[in-house]
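**Q** These are the residues of each chain, in order.
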Amino acid sequence: MSIDRATVAKIAHLARIKVPEAEQDHLAGELSKILAFVEQLSEVDTEGVAPMSSAVATTLRWRPDQVDDGGTREAILVNAPDRAEGFFGVPKVIE
Amino acid sequence: MTALNRLTMTEALTGLDRRDFTAVELTEAHIAAVATARPLNAFLVETPERAREMAIASDARRARGEAGLMDGLPIAIKDLFCTKDVATTAASKILQGFVPPYESTVTANLWQAGAVMLGKVNLDEFAMGSANVTSAYGPVVNPWSPGAPGAWPRRLVPGGSSGGSAAAVAARCALGATGTDTGGSIRQPAGFCGIVGIKPTYGRCSRWGIVAFASSLDQAGPMTRTVADTALMLQAMAGYDPKDSTSVNRSVPDYRAALTGDIRGLRVGIPAEYRVDGMPAEIERLWDQGVAWLRDAGAEPVAVRLPHTQYALATYYIVAPAEASSNLARYDGVRFGLRVDGDSLIEMYENTRGAGFGAEVRRRILIGTYVLSHGYYDAYYLKAQKVRTRIAEDFRAAFTACDVILTPTAPSTAFAIGERMDDPIQMYLNDVFTVPASLAGLPGLSVPAGLGADGLPLGLQLIGRPFDEETLLRVAGVIESAAAITTLPPFVA
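Just so you know, the sequences run in chain order A and F.
My numbering numbers the first residue of the first sequence as 79 and each following residue consecutively.
My numbering numbers the first residue of the second sequence as 12 and each following residue consecutively.
Nothing false has been slipped in among the hints.
In silico lysine to aspartate or glutamate, EDC-like type, Cα no more than 20 Å apart, as pairs:
(1) Lys96(A) with Asp352(F)
(2) Lys88(A) with Asp343(F)
(3) Lys170(A) with Asp160(A)
(4) Lys254(F) with Asp143(A)
(5) Lys95(F) with Asp255(F)
(6) Lys170(A) with Asp354(F)
(7) Lys95(F) with Glu64(F)
(8) Lys170(A) with Asp352(F)
(9) Lys254(F) with Glu114(F)
(10) Lys96(A) with Glu371(F)
(11) Lys111(A) with Glu430(F)
(12) Lys111(A) with Asp433(F)
(13) Lys111(A) with Asp434(F)
(14) Lys96(A) with Glu108(A)
(15) Lys111(A) with Glu371(F)
(16) Lys397(F) with Glu121(A)
(17) Lys95(F) with Glu152(A)
(18) Lys96(A) with Asp354(F)
(19) Lys254(F) with Asp147(A)
(20) Lys397(F) with Asp123(A)
(21) Lys254(F) with Asp146(A)
(22) Lys88(A) with Glu101(A)
(23) Lys95(F) with Asp147(A)
(24) Lys88(A) with Glu358(F)
(25) Lys170(A) with Asp343(F)
(26) Lys95(F) with Glu114(F)
(27) Lys170(A) with Glu358(F)
(28) Lys397(F) with Glu117(A)
(29) Lys88(A) with Glu108(A)
(30) Lys88(A) with Glu371(F)
(31) Lys104(F) with Asp160(A)
(32) Lys96(A) with Asp343(F)
(33) Lys397(F) with Glu125(A)
(34) Lys96(A) with Glu358(F)
No wet-lab data here; the hints were simulated from the structure.
Small disclaimer: the values here were computed from a predicted structure and weren't measured.
So here's chain A without its partners, still in its complex pose (with noise of 0.2 Å):
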């Protein structure tokens, strides 16, 4: 499977970052390069094989459910490049 330079604008709209076009070419030859050495998975029988999710064997704890943090709304804001009011700020999305 080989990348063009369109997928690589694609995708890179999916992932939200903005690719220069001189760079979308050079890029789909490095993406390709990549998707092709994975090919070789494709040799691998993984017939009835589960797939494998977690580094350990081990089912998620249970907690109680309640709140044992919080209050720190400044501390969560500190590092927010615009704020306003208590929140963090954004550019308009309602016109």
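With chain A fixed as given, assemble chain F onto it according to the hints.
**A** What follows is chain F alone, placed relative to chain A:
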């Protein structure tokens, strides 16, 4: 008396206990060493004032008879661990200006044990790399680079991603450093810089407060100059943490007690699949030498098979970018770090992330986005997860026939900054021996075992059963004694 920054942790603790010197004196020696070593570009942030305060408090605790496990020992922190009120960058422009209002669990454990923070050390951007060349703050120089310090004819990489950690420890700026390892980021730089590093079993150290790369693989571990120091520092770092849902609730053994030197009857697995094409003969010889040392100490080498080894890198380069693309979605210019304005919210996201991420991070996010996207998920991501199961099964089968596995750490010694950068796959091959254990969640340790013909350090890797760090440390101790390396890097602070 030996310069205080040349001591091991174990020696330093003895000196502190005997009142030969104070934590303040030990810390001052290291603060000076950090300054001397600036040409290495290992430290991103130096925190001498905090170090002095922590050392004064440490001396007071020792005077009261309340010294902790690592009390008064100056260490460096990989700049992937959030440290309260101290800038944390992950070596990325996108985290510019970020000052965490909280402390990671692992660093909190270290401060609880009395350790002293010298500063935050350089790494590959978001820990994505094997040479510390993807850092937004410039590459780190390996102190083993030949030639006059500061005027190196050929600047060598320290490995990565924990390159600043490895360089700082090897150059005697810090007694130890924290690292993180996703596919080899502790073990490979430890090998390149001639120090000891362990990636513990997944779940052994809390991931809480560590900037996430690939959450099913990331694991923190210590990097030090001796096996005994690694045992000590792991002891302080490890432990159950309710704030990390994958942290495992089991007691932390006394790792130093594991260093008995007695490996009689231990079965050491040698996987033929790790004899890869193009591996330098000297690395194969060193591996054979390692087998001979262990046999001489009474262990029994056995051949084991890990038939899916050749697929580990390809599996890793689907799973890790997929998880990274999800984890790094949080850098959106809204809550912390860089913001580059745009006319709409989406344009602001795209501008911010376009400007903030470096080339390697961008590449991995895009690959990850692609393999998770509609129509490709099954062919790439699900397939890789299934091959990952096969790789884990290989290890389970091997560990019915052996107790520990011995391999080289990396397929070469350190190379020069600028080499292997044209082709991402060439760079990825650095991790060919370390990635399989990461995928299986197993502990892996790199111990210095010799020097190559170029005079550069070579490491051997030990891979163990889940939560059997003790066997790794015990066997590593035997290799360390047998190798008896006394050569210092050309640059020591």
